[in-house]
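Visitor: So in this note's numbering, spot 147 of the sequence shown is number 150, and the numbers just go up one at a time.
In short, the hints are calculated from the structure, not lab data.
Be a bit skeptical, because a hint or two may be false.
Quick list of in silico lysine-lysine cross-link-like pairs, DSBU-like style, CA-CA up to 30 Å [said to hold, decoys possible]:
| hint | residue 1 | residue 2 |
| --- | --- | --- |
| 1 | K333 | K288 |
| 2 | K279 | K302 |
| 3 | K225 | K112 |
| 4 | K282 | K518 |
| 5 | K407 | K302 |
| 6 | K518 | K540 |
| 7 | K75 | K273 |
If you anchor each label on the Cβ, the simulated ranges turn out as follows [stated by the list, open to error]:
| hint | residue 1 | residue 2 | range |
| --- | --- | --- | --- |
| 8 | G478 | S434 | 32 to 38 Å |
| 9 | V401 | D310 | 42 to 48 Å |
| 10 | Q551 | S223 | 19 to 25 Å |
| 11 | D310 | P508 | 48 to 54 Å |
| 12 | D406 | L272 | 19 to 25 Å |
| 13 | R402 | R468 | 34 to 40 Å |
Positions of the beta carbon are idealized from the N, C-alpha and C atoms, including for glycine.
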Amino acid sequence: RFKEGIPLTSSLKNDAMKTRHWVSLQTLTGVTFDTSLKTLCLGDIFAMDLAAYTTDVEEIINEAAQEGKIEKELGLIEVAWRNKTLLLMKYKKDGVDRGTVLQQSEEIKMELEDNMLNLQTISASRFVGNFVDTVRSWEKTLNIVAECLEEWYVVQRKWQYLEGIFIGAEDIRMQLPEEAKKFDSIDKNFRAIMAATIKNPNIVEACTSDNRLGVLNGLSDKLDMCQKSLSDYLDTKRAAFPRFFFISDDELLSVLGSSDPTAIQVHLLKLFDNVKGFKFGRNNKVVEEMSSQEKESYKLVTPSPVDGPVEQWMTAAEDEMHVSLRIITKEGVFIYAQHARTEWLKIVLGMTGLVGSQIWWTWEVEDTFRQVLEGNKYAMKELESRLTGQLNDLVAMVRAPLDKITRKKVNTLLIIDVHARDIVDGFVRESVLNAKEFAWESQLRFYWDRDVDDCVIRQCTGSFRYGYEYMGLNGRLVITPLTDRCYMTLSQALTFKLGGSPAGPAGTGKTETVKDLAKSLALPCFVINCGDGLDYKAMASIFSGLVQAGAWGCFDEFNRINIEVLSVV
Numbered sequence: 004r005f006k007e008g009i010p011l012t013s014s015l016k017n018d019a020m021k022t023r024h025w026v027s028l029q030t031l032t033g034v035t036f037d038t039s040l041k042t043l044c045l046g047d048i049f050a051m052d053l054a055a056y057t058t059d060v061e062e063i064i065n066e067a068a069q070e071g072k073i074e075k076e077l078g079l080i081e082v083a084w085r086n087k088t089l090l091l092m093k094y095k096k097d098g099v100d101r102g103t104v105l106q107q108s109e110e111i112k113m114e115l116e117d118n119m120l121n122l123q124t125i126s127a128s129r130f131v132g133n134f135v136d137t138v139r140s141w142e143k144t145l146n147i148v149a150e151c152l153e154e155w156y157v158v159q160r161k162w163q164y165l166e167g168i169f170i171g172a173e174d175i176r177m178q179l180p181e182e183a184k185k186f187d188s189i190d191k192n193f194r195a196i197m198a199a200t201i202k203n204p205n206i207v208e209a210c211t212s213d214n215r216l217g218v219l220n221g222l223s224d225k226l227d228m229c230q231k232s233l234s235d236y237l238d239t240k241r242a243a244f245p246r247f248f249f250i251s252d253d254e255l256l257s258v259l260g261s262s263d264p265t266a267i268q269v270h271l272l273k274l275f276d277n278v279k280g281f282k283f284g285r286n287n288k289v290v291e292e293m294s295s296q297e298k299e300s301y302k303l304v305t306p307s308p309v310d311g312p313v314e315q316w317m318t319a320a321e322d323e324m325h326v327s328l329r330i331i332t333k334e335g336v337f338i339y340a341q342h343a344r345t346e347w348l349k350i351v352l353g354m355t356g357l358v359g360s361q362i363w364w365t366w367e368v369e370d371t372f373r374q375v376l377e378g379n380k381y382a383m384k385e386l387e388s389r390l391t392g393q394l395n396d397l398v399a400m401v402r403a404p405l406d407k408i409t410r411k412k413v414n415t416l417l418i419i420d421v422h423a424r425d426i427v428d429g430f431v432r433e434s435v436l437n438a439k440e441f442a443w444e445s446q447l448r449f450y451w452d453r454d455v456d457d458c459v460i461r462q463c464t465g466s467f468r469y470g471y472e473y474m475g476l477n478g479r480l481v482i483t484p485l486t487d488r489c490y491m492t493l494s495q496a497l498t499f500k501l502g503g504s505p506a507g508p509a510g511t512g513k514t515e516t517v518k519d520l521a522k523s524l525a526l527p528c529f530v531i532n533c534g535d536g537l538d539y540k541a542m543a544s545i546f547s548g549l550v551q552a553g554a555w556g557c558f559d560e561f562n563r564i565n566i567e568v569l570s571v572v
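Using the sequences and the accompanying hints, generate a full structural model.
Guide: Rendered as structure tokens:
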């Protein structure tokens with residue numbers, strides 16, 4: 004019998020056997036001995052007759068082993084978190100020390116997740132009974148630590164963003180005194196939390212003492228309110244100068260927070276189609292010139308004053324751009340007949356060269372139709388050879404040495420001229436003899452309308468006013484029959500107050516066609532690449548900007564917007 008019990012006796016030597024397990028063994032076998040094991044002797048082992056209770060003894064030994072593992076795991080968790088500290092770093096902005104902040108730590112995050120998973124596994128074990136309070140306590144502690152750290156990083160991110168705005172920019176503090184006061188109080192609380200953390204960076208104590216999670220939640224809500232007030236303030240600025248909808252909050256703040264008017268320069272290309280720079284005069288008190296990316300520039304007829312808030316003088320500059328370009332265009336169109344065409348092209352603005360050529364070409368074609376009606380059968384052929392002659396003049400110009408700007412003008416006008424000649428060529432081939440025929444009605448036709456004293460563009464039933472958005476020398480598309488059909492479809496859609504949706508494979512020029520039609524009409528066209536990131540608020544601000552600025556929006560990959568957002572749109 005004893006021999007059969009030897010393996011069990013051997014197993015009882017397990018270090019995991021604690022007093023409670025020996026008490027269980029005494030209860031099972033009915034043999035009493037000192038559980039400190041100092042007086043356990045061979046007689047007691049014989050008396051226990053272990054072989055009679057094989058299964059039950061094995062169960063006690065197994066329980067001891069499993070509980071030993073749990074105890075070891077809990078011990079490791081305790082040691083790990085007793086000594087774990089938060090990683091802190093200096094926060095600098097523009098080279099200036101702005102205090103101490105938490106450093107993101109993937110290691111801490113991973114360890115938290117691992118330990119929380121371990122505790123879940125332990126609490127699901129049937130041997131957890133003796134440790135249930137400890138496990139619950141650690142589960143609660145680590146949950147608070149995880150939540151607290153997450154909230155801490157959120158608050159810190161919001162604080163860093165707003166701190167750069169309210170602490171740095173005096174102009175914004177003056178514009179938003181209430182919000183500045185609120186932020187000062189938040190700033191004080193946040194810095195106090197960081198100061199306490201520097202003194203005691205232990206992660207568990209930092210996250211569980213002084214209702215830290217509650218305090219951080221409160222700070223987060225207050226920061227959100229500050230952020231909302233700031234957004235409302237930015238919206239008033241955007242409503243005053245709608246093109247501000249096309250730059251981000253940070254970019255707009257950098258403009259509003261600076262009293263230097265030249266701070267706007269870096270954002271001009273996002274605000275206008277092709278205005279890269281303003282030339283300021285009289286100690287930055289007026290805008291005198293605008294220049295494009297290609298370094299072409301023109302003088303404003305009346306220098307636009309720079310006084311008052313930025314949105315005010317930018318609106319004045321935009322209005323002056325339209326007024327000046329209208330006068331420059333009218334003058335350019337008027338002097339066309341007084342110069343050789345190649346000389347005229349050198350002295351006018353690039354965009355005036357294009358629109359002027361198209362206005363005169365439209366007049367020439369319609370004049371030719373009149374001559375045909377009056378009996379000159381060869382009038383259209385004569386026009387075609389005249390247009391071919393103009394093309395050859397431009398080709399000769401391209402071959403001669405030219406400065407960069409004139410070369411770009413000639414290149415772009417060549418594209419427009421080739422198309423104009425091809426259309427007249429088609430009229431000759433197909434015997435189109437009347438201005439009322441669809442072949443002519445369906446073209447983009449440019450007129451200087453004396454009644455409204457403005458440039459008007461007509462196509463089929465559509466009639467559009469020229470937009471006078473400065474285009475610089477940003478080039479034009481080669482016009483194919485398909486491009487013509489797209490233009491016609493889009494212009495008719497606009498006439499009926501509808502939108503247009505060019506469809507086709509990638510890289511076939513859908514966006515470029517829309518942009519090119521906008522260039523023809525001298526309207527600003529903003530291209531937006533859509534994706535999951537566009538929520539209804541972002542869409543709202545884009546639409547607000549487009550509608551108020553009188554601009555076109557070209558939404559690429561429109562179908563990638565989330566269904567919920569699309570339904571609102």
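Visitor: All hints, please: hold or fail.
Guide: How the hints compare with the structure:
1. At roughly 28 Å between alpha-carbon atoms, K333 and K288 fall within 30 Å of each other, so this suggested pair holds.
2. For the proposed pair K279 and K302, the alpha carbon gap of about 14 Å is at most 30 Å, so the pair holds.
3. Distance restraint check for K225 and K112: the Cα-Cα separation of roughly 26 Å lies within the 30 Å cut-off, and the hinted pair is therefore satisfied.
4. Between K282 and K518, the direct Cα distance comes to roughly 27 Å. Compliance with the 30 Å bound is thereby established for this hinted pair.
5. In summary, the hint linking K407 to K302 is supported, as the alpha carbons are separated by about 19 Å, within the 30 Å threshold.
6. Restraint check for K518 and K540: satisfied, since their Cα atoms lie roughly 25 Å apart, inside the 30 Å limit.
7. Only pairs whose Cα atoms come within 30 Å are accepted, and K75 paired with K273 is rejected, the gap being roughly 62 Å.
8. A hinted range of 32 to 38 Å for the beta carbons of G478 and S434 is consistent with their spacing of about 35 Å.
9. Range check, V401 to D310: about 46 Å between beta-carbon atoms, so the 42 to 48 Å window is met.
10. The hinted window of 19 to 25 Å between Q551 and S223 is violated, with their beta carbons roughly 33 Å apart.
11. At roughly 52 Å, the beta carbons of D310 and P508 sit within the given window of 48 to 54 Å.
12. Here the CB-CB span from D406 to L272 is close to 23 Å, well matched to the stated 19 to 25 Å.
13. For the pair R402 and R468, the supplied restraint of 34 to 40 Å holds, since their beta-carbon distance comes to about 38 Å.
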